[in-house]
Amino acid sequence: MNKKIQRSLAVVSAATLLFGVSAVSSAGAAQKTVYLAFQAPLTGANALTGQDELTAARFALSEYNATNPSVKVELVIADDQGLAEVAAVVAPGIAANKKVIGLIGPAFSGATQASLPAYKATGLPMISMSATRVSLTDKKAPVNGFPIFKRVVANDKFQGPALARYAIKGVSSPSVYLVDDKTAYGKGLADYTKPSIVKDAKIAGSDSVPENTSDYTSVVAKVKASGANVVIYCGYAPDAAKFVKALRDGGYTGIFAAGDGVLKATFPNNAGNTAAEGARLTAADVPFEDVATAAQMVAYTKLTGISKPGTYVTSTYNATNIFLTCIKQGVTTRPGMQNCLTAGSFKGIAGDTIKFDRYGDIIGGAAVGAFTIKAGKIVYVAVA
Amino acid sequence: MNLQVLESQFWSLCLQGLALGFIYVLISLGYTMVYGVLRLINFANSEVFMVGTFATVVAQVGILQNQTDAQPLNGFRLIYTLTFALVFSMLICGFLGILVELVAYRRLRALGAKPLGFLISAIATSIVLLETTRILTFSRPQTSPRLLDKWSFGEFAGANFRIDTVMVIISGIVIFFTLDRFVTKTRLGKAIRAVSMSEEISKLMGINLNRVVSLTFFIGGLTTGAAAFFYTTVYETTQFNVGFNLGLAAFTTAVLGGIGNLRGAFYGGLFLGVLEQFASAILGSQWKSVTVFTVLVLVLLLKPNGIFGEAVQQTRT
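Quick mapping for you: the protein sequence lines, in order, are chains C and Y.
Residue numbering for the first sequence follows our numbering, starting at 1 and increasing by one per position.
Residue numbering for the second sequence follows our numbering, starting at 1001 and increasing by one per position.
For the record, the hints were derived by calculation from the structure and aren't laboratory data.
Glycine is no exception: its CB is placed at the ideal position from the N, C-alpha and C atoms.
Watch out, some of these pointers could steer you wrong.
Said to hold, decoys possible - Here are some of the chain Y residues that sit facing chain C, going by a computed Cβ distance under 8 Å:
| # | residue |
| --- | --- |
| 1 | THR1068 |
| 2 | THR1237 |
| 3 | ASN1241 |
Produce the entire structure from the sequences given, and follow the hints as far as they go.
See the structure below:
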């Protein structure tokens, strides 16, 4: 390849990176096609969450397009790495693309907050499948998502107290050690969990262990020294697996409880099935394999190559289907989508009714489910 | 500040700190060997470590066919499995080290590139390794089966002498002193040291420079591979981004002890492992990095070449 070609290729690839989003959409303009954008971390440390969610969006879309609809829907995929600073750069590109009439995402709260100005300015309706930060739908917050932001997960204001309640349920004189992973999600959830612990139990201690820590032995030493009989972890599954294993290996025999970040089909296995046994988990998201039909699971696995769907797959599937429902009703513009989402009533895959309040939360609050691990499998217990 | 934890957990924290420290030591040897010879930092070493952790899982699950929920092994089969996984991981990392040198360093060296060029090519190589692993593993953590039952020799002064902890410490000592002897006593080791002192004069003495550089990357890979095996055996899990934090800690270890200096890496690693444990326990885990890097800055202010930078010049690789 001569230098000239190499140079022009480099220019083209740089241009694709810069204007990729609009390039994708204009190519399909001749067909009757509308676009939904998808924004989540697809590379970097939090890629697992985003990649799992993307499988659900792709699956919902494949089901929709298989029905030969009059309007075809395609995805415009954007990777924000779950980071606010990356999201702030990615969002204007999507916002500027007028062919995109709805956004599935962003996945993370920090990234959502950073993306909001661009989407608000262009009136792009968005449904997040996993941004749980309370302020995003709080009318008093300086930066909330009104009017375009909606979400299909319960915010941490509901999940925190539910997690505390479930963790200490049936424990005599509960003494709780609260650990978070220093992320916006983990710290936020811990902050909303703490008041309920103070009310109903005793706090034995707390710690903030950075995400991706390998060695939890010093935390285990502290838990043991504190005499806690309940440990609540606010963070994500890979770290929770390491932590619970270190706790059990260190001789801790009390309750281990955690929030929706840990509710992943891979968690029990990664923790070593015995270590995770009996762990108490809460989530606004129900495991996809529990609500999907057998045929859907087969199709999902065939499409994605994944047999154990991760967290937020159900919520992403619901978010995508809400958009698709509106498109089926003939919506092809952003204002039309905004009206449809604000006024409409939708069905979740579990048969639940989804209707949004003025600030974007599900009316009545998305239910917080309580789960436990039995024989290495996540089992739904009740509403926490 | 939580000083109460020291009453019952002091020796436990020391022991766990040492075990973690030995893993740091073994990874940091990968940095320090290369720096000693080339005066360049091999930023791809953290991903060599990551590949080693996956190689361990592949050896245990893929090649030796142990299921992830397998019962712990014992007797000959246990020793065979662990030894095989250790050797497999070391060799994979050793050869990967050679490959990294070939791809990211050799041509640039031949062209007389500036250090910044090496830095970028090493980081690029590490991103390629990281993202490839991420794609191949669907970004998911991989579990290694508990093949070694975690029985304990007993508890002494609150410290639990578990088999895996003891194994890491003893093996770490053995590997370190074997390497130390290799570098100081053998012909090849002397060649490495000669190149580290002066490339030009070593060439005049008939030493094949490229071979010595490859050998150095290979040895760095071997110790990093051993670290990967011990990491996987103790924590029983790995993920595509596992190399970042551990690589950073090992790099800190190398700088703390005096980069390019084997014994510096040894003491630096143990010091860092124990310091991390106590900082996490007393001040809270959120202060761990602050403490570690404050200490690092203080050490560098007082001794810019690290604690052992100049003191044990003879052991410089």
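Exercise for review: Could you tell me which of the numbered hints above are not met by this structure, giving the numbers in increasing order?
Suggested key: Those not satisfied: there are none.
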